[in-house]
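Here is what each chain is made of, one letter per residue.
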Amino acid sequence: MIRYALIRILSAIPILLGVSVVSFGLLFLQPGNPVEALLPLEASPQIAEMMKQQLGFDQPVWRQYLAWLQRTVQGDLGVSLYDGLPVAGQLGGALFNTMVLAVPAAVLAFVLGGALGLIAGYHRNTWIDRSASALAIVGVSLPQYWVAIVLVVLFSVTVNWLPASGMASPDGIPRSFSDLANMVMPVLALMLVPMGVVARVVRASVQDILSQAFIAGLQAKGLARGRILRHVIRNAMSSALSVMGLQFGFLIGGSILIEVVFNWPGSGQLLNLAIFRRDIPVLQGTVVVVAGLFVLTNLAIDLAQAAIDPRMRR
Amino acid sequence: MTMTQLQSASPSVSAATKAPGYWRSVGQRLMRDRVGIASALVLLAIVVSALAAPLIAPHDPNSGSVMTRLSPIGTPGHLLGTDATGRDILSRLIWGGRLSLLSGITPVVLATLIGGTLGIIAGMSGRLVNGIIMRITDIFFAFPSILLAVAISGVLGNGLGNTLVSLTVVFVPQVLRVAESATVQIARQDYVDAARATTASRLLIMTSQVLPNVLSPILIFATSLIAVSLVVAAGLNFIGLGVAPPAAEWGSMLNELRDAIYINPTLSILPGVMIVATSVCFNLLSDSLGSAMNIRETDK
Amino acid sequence: MTQHIRTESLGLPDVGGPAQPLLIVRDLKKHFPVRSGLMGKAEKVHAVDGVSFRIGKGETLGIVGESGCGKSTTTRLLLDLTRRDAGEIIFDGRGLGGGRDGISLKELRRGMQMVFQDSSTSLNPRARILDIVMFPLRAAGVDRTKARDRASMLLDRVGLHPHAFGHRFAHELSGGQRQRVNIARALATAPRLVILDEAVSALDKSVEADVLNLLADLKAEEGLTYLFISHDLGVVREVSDRVMVMYLGQIAEIGPAETIYDRPGHPYTRALLAAVPSLDPAKQIAEPPLKGDPPNPINPEPGCRFRARCPYAEGVCKAVDPAPVPVGEVEISCHMCNRASGHSQAADWLDALTKETADA
Numbered sequence: 001m002i003r004y005a006l007i008r009i010l011s012a013i014p015i016l017l018g019v020s021v022v023s024f025g026l027l028f029l030q031p032g033n034p035v036e037a038l039l040p041l042e043a044s045p046q047i048a049e050m051m052k053q054q055l056g057f058d059q060p061v062w063r064q065y066l067a068w069l070q071r072t073v074q075g076d077l078g079v080s081l082y083d084g085l086p087v088a089g090q091l092g093g094a095l096f097n098t099m100v101l102a103v104p105a106a107v108l109a110f111v112l113g114g115a116l117g118l119i120a121g122y123h124r125n126t127w128i129d130r131s132a133s134a135l136a137i138v139g140v141s142l143p144q145y146w147v148a149i150v151l152v153v154l155f156s157v158t159v160n161w162l163p164a165s166g167m168a169s170p171d172g173i174p175r176s177f178s179d180l181a182n183m184v185m186p187v188l189a190l191m192l193v194p195m196g197v198v199a200r201v202v203r204a205s206v207q208d209i210l211s212q213a214f215i216a217g218l219q220a221k222g223l224a225r226g227r228i229l230r231h232v233i234r235n236a237m238s239s240a241l242s243v244m245g246l247q248f249g250f251l252i253g254g255s256i257l258i259e260v261v262f263n264w265p266g267s268g269q270l271l272n273l274a275i276f277r278r279d280i281p282v283l284q285g286t287v288v289v290v291a292g293l294f295v296l297t298n299l300a301i302d303l304a305q306a307a308i309d310p311r312m313r314r
Numbered sequence: 315m316t317m318t319q320l321q322s323a324s325p326s327v328s329a330a331t332k333a334p335g336y337w338r339s340v341g342q343r344l345m346r347d348r349v350g351i352a353s354a355l356v357l358l359a360i361v362v363s364a365l366a367a368p369l370i371a372p373h374d375p376n377s378g379s380v381m382t383r384l385s386p387i388g389t390p391g392h393l394l395g396t397d398a399t400g401r402d403i404l405s406r407l408i409w410g411g412r413l414s415l416l417s418g419i420t421p422v423v424l425a426t427l428i429g430g431t432l433g434i435i436a437g438m439s440g441r442l443v444n445g446i447i448m449r450i451t452d453i454f455f456a457f458p459s460i461l462l463a464v465a466i467s468g469v470l471g472n473g474l475g476n477t478l479v480s481l482t483v484v485f486v487p488q489v490l491r492v493a494e495s496a497t498v499q500i501a502r503q504d505y506v507d508a509a510r511a512t513t514a515s516r517l518l519i520m521t522s523q524v525l526p527n528v529l530s531p532i533l534i535f536a537t538s539l540i541a542v543s544l545v546v547a548a549g550l551n552f553i554g555l556g557v558a559p560p561a562a563e564w565g566s567m568l569n570e571l572r573d574a575i576y577i578n579p580t581l582s583i584l585p586g587v588m589i590v591a592t593s594v595c596f597n598l599l600s601d602s603l604g605s606a607m608n609i610r611e612t613d614k
Numbered sequence: 615m616t617q618h619i620r621t622e623s624l625g626l627p628d629v630g631g632p633a634q635p636l637l638i639v640r641d642l643k644k645h646f647p648v649r650s651g652l653m654g655k656a657e658k659v660h661a662v663d664g665v666s667f668r669i670g671k672g673e674t675l676g677i678v679g680e681s682g683c684g685k686s687t688t689t690r691l692l693l694d695l696t697r698r699d700a701g702e703i704i705f706d707g708r709g710l711g712g713g714r715d716g717i718s719l720k721e722l723r724r725g726m727q728m729v730f731q732d733s734s735t736s737l738n739p740r741a742r743i744l745d746i747v748m749f750p751l752r753a754a755g756v757d758r759t760k761a762r763d764r765a766s767m768l769l770d771r772v773g774l775h776p777h778a779f780g781h782r783f784a785h786e787l788s789g790g791q792r793q794r795v796n797i798a799r800a801l802a803t804a805p806r807l808v809i810l811d812e813a814v815s816a817l818d819k820s821v822e823a824d825v826l827n828l829l830a831d832l833k834a835e836e837g838l839t840y841l842f843i844s845h846d847l848g849v850v851r852e853v854s855d856r857v858m859v860m861y862l863g864q865i866a867e868i869g870p871a872e873t874i875y876d877r878p879g880h881p882y883t884r885a886l887l888a889a890v891p892s893l894d895p896a897k898q899i900a901e902p903p904l905k906g907d908p909p910n911p912i913n914p915e916p917g918c919r920f921r922a923r924c925p926y927a928e929g930v931c932k933a934v935d936p937a938p939v940p941v942g943e944v945e946i947s948c949h950m951c952n953r954a955s956g957h958s959q960a961a962d963w964l965d966a967l968t969k970e971t972a973d974a
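Protein sequence lines, in the order shown, are assigned to chains V, X and U.
Mapping of the first sequence onto the working numbering: residues 1 to 314, in sequence order.
Mapping of the second sequence onto the working numbering: residues 315 to 614, in sequence order.
Mapping of the third sequence onto the working numbering: residues 615 to 974, in sequence order.
There could be a bad hint or two in this list.
To be verified - Output of the computed footprint for chain X on chain V, the stretches with three or more beta carbons under 8 angstroms from beta carbons of chain X:
no., region
1, 151 to 158
2, 243 to 255
3, 287 to 297
To be verified - Partner residues aside, some chain X positions facing chain V, computed with beta carbon under 8 angstroms:
no., residue
4, Ile553
5, Arg572
6, Met588
7, Ala591
8, Ser593
Bear in mind the hints are in silico, worked out from the structure with no lab data behind them.
All values derive from a computational prediction rather than experimental measurement.
Every residue gets a Cβ at the ideal spot worked out from N, C-alpha and C, and that includes glycine.
My request is simple: use the sequences and hints to build the entire structure.
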């Protein structure tokens, strides 16, 4: 196990490096000179030249990259072009706000999706299975931002049960029912797709296990249904976990669309604003941190899986 | 060979009918799939109306009068109502189909060509080349797709071309992985070894043995990818990262109509219905294609 | 029989004459690297470890052995489907890769072909039968019409009427029919040596008999030479003139089929043949003749490979790798067959063996 863990962790490092290269490289994708993007419009050529030297743009690209990488790893993500504040601080707060939505959505998706998949898998090809599967497929196909709008129409406009936008609590953590009310719709909109994916995977896994010959052997021996269920759940959980890892990444990375609808001050909205303000440091910082988080989340899930199921360790 | 020899050698000689070729049998199976046909017809209707927009749209999608803004569904002359500046929604939906379909389908076509070729090459190459290609692909997989699409689009700037580029970049790794995995699996089969045991060149083996068998998983995946691409492209437009206003596109329309949410809520969800419908059709088509291409299915 | 399969343009002419063995293989080696994880040592599986044999023109050499003994790998090395690490391959007196008088890989593949085991993957599932048989011809540069005619003729020759079967797909055929297609494909470029790798192993017994008959007919009429690999000892005895017994990448014993089956000289061959259950109640086996598991082909230790399971193993077996020793017409790699080896039982064993031969 330890060897597998070491190998896995070591192989994540080149990926993280690659992520950093791509994130850094975004700067150069821009039309025009990267320096121009960082300067106010009216700057004179002398100031531009000075900035160039100061920011290190006269250095060869790979040296710029290494300098940026060094700063980033130490936590210095630069300074926002828009308001001069350090990126890391802003990003930290924004990311936390996104987590306030993403974590409950992930948990709900895992639990509900797992339950749906279990029910569907156990009652194979009955109407229960078909409706549960249909629900899952619908969940997977719908665009999250559209679902968000529909929810707002239903619950804010038609019946004024839930607030249409905004994050009520100042630091994100809900402290009252009304704070929670602000969270309901965004979380619902976020969790639909992961729930559908988890449900499909769990259903397939359950069906696969139940159809294996040795289960019939266990049942013939009179093993209690509960024991079989525990075995089934254990195996299905493994496949659900790996899928959840990917989905969590999409929850964090794809939150931008939901946060725009609900005006939620998370990392997605930060990214959105950064794009429109052409605030490159914020853009780069957000991308590299979120992608890095994605890699680490998947790493953690791989290790967790390997701990549960020895077969996963190749 | 005498007749008796023939019959004892092959006991189940049937009548000398000519069986149809592989692709024709795929077509035959597709014809019998009702769900597949239904979704194909719906798609056809959407595509045709988008292409025929100048002919069938009742109004100019870009002109509207503030007097008639946010009229509800069923208003005479505006079957699906008008938006915040009085433009006819039905016309904008029909015209919008052009950009939305283009943004959805083009990146997948490009990604399939690029990613498919690279994936097949990776699958048939030795450890070193395969390793390099797949590790680079892994790096791109480390980004959640929406994040990558938004970041690239954001940096490149607005415009249809930039959206197509960013989506293609996001999808190439996905097609590549599917192509590589299918190729590796096929390259292991005995019939490929049998082909290698002849005097055939590597290219001939790739095109005659590997390609036809690799094509179906790639095509099935690509079709389902179009469903995703439509949603993501519209999403990019939704947050303003695609075509510039006043261009009609389903995603950007969804954003525009948010103003209407308190006045006429039903209007605001209409463009989304188009996105969902088209996306679902492509998903269903992908499933049908999957069943039809499975040659093991006995013809009923 | 209408026309011979071999035509002037295809196939390799007989260069060496009847005395020249069609195939000589010397010291063939293939070690597969095995990585046990990123941190593990790079180890090697000694799949084929110094295999040498020859096949005479017109004969059938059978290869038997348990799974993992290296018989399939050997065939793949012959056709260069797997690159060999060491060893010589000499076809009709011409060495592979041996300069001006040697034979090129392309030519070798025209002279030697393989019939694969019938599996769902021995035939391209998306190609029509006629195209499958045509492929080797088209790859060799034969033009379309000639290739089609020849392919049709070959299908007919193996008992599949081209009009009925040519346009079908592999999954529409039965196992026996698929094997006939495999045979037709192998004969496309008129090879002189045909390798049959478990060619009938996946077939029902009755179908197997049909296919074996077809193979026998073809051999007789076309003057083919066969290399017949199988784990089925009975079938190998039926079809082979000579037999080669392999164990863990090396040859244990090689010689005329009758001799080996009736009077096996190597303890492994004895055990293998004894393991075949007999319906005769007088010949009941009390305990399995082969004890223990086959040792690991990864990094084998020096000495005889078989000693871990051999009831006669002694010190010399651990120290020295037995070289092949001629005993009559058979070559045996066992210390007990070599009076000078230092094995305590060598003399008795050889005496018993030669006595059996004399009695026979």
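Hint Ala591(X) vs chain V: min CB-CB distance below 8 angstroms? violated, 10 angstroms
Quick one, is the Ser593(X) hint okay against chain V at 8 angstroms, beta carbons? holds, 6 angstroms
The hint names Arg572(X) as touching chain V; please verify it with the least Cβ-Cβ distance against 8 angstroms. At 7 angstroms from the nearest chain V Cβ, Arg572(X) passes the 8 angstroms test, so the hint holds.
Do three or more residues of the region 287 to 297 of chain V come closer than 8 angstroms to chain X, measuring C-beta to C-beta? holds (count 5)
Check, residue by residue, whether the region 151 to 158 of chain V contains three or more positions whose beta-carbon lies closer than 8 angstroms to a beta-carbon of chain X, and give the verdict. Satisfied; 4 residues make the cut.
Within the assertion that chain X covers the region 243 to 255 of chain V, do at least three residues meet a Cβ-to-Cβ distance smaller than 8 angstroms? n = 5 at 8 angstroms, threshold three: holds.
Can Met588(X) be said to touch chain V, with a Cβ gap under 8 angstroms? violated, 10 angstroms
Was the hint right that Ile553(X) lines chain V, CB cutoff 8 angstroms? Constraint on Ile553(X) satisfied, holds at 5 angstroms.
Hints 6 and 7 from the list above are not met by this structure, while the remaining hints are.
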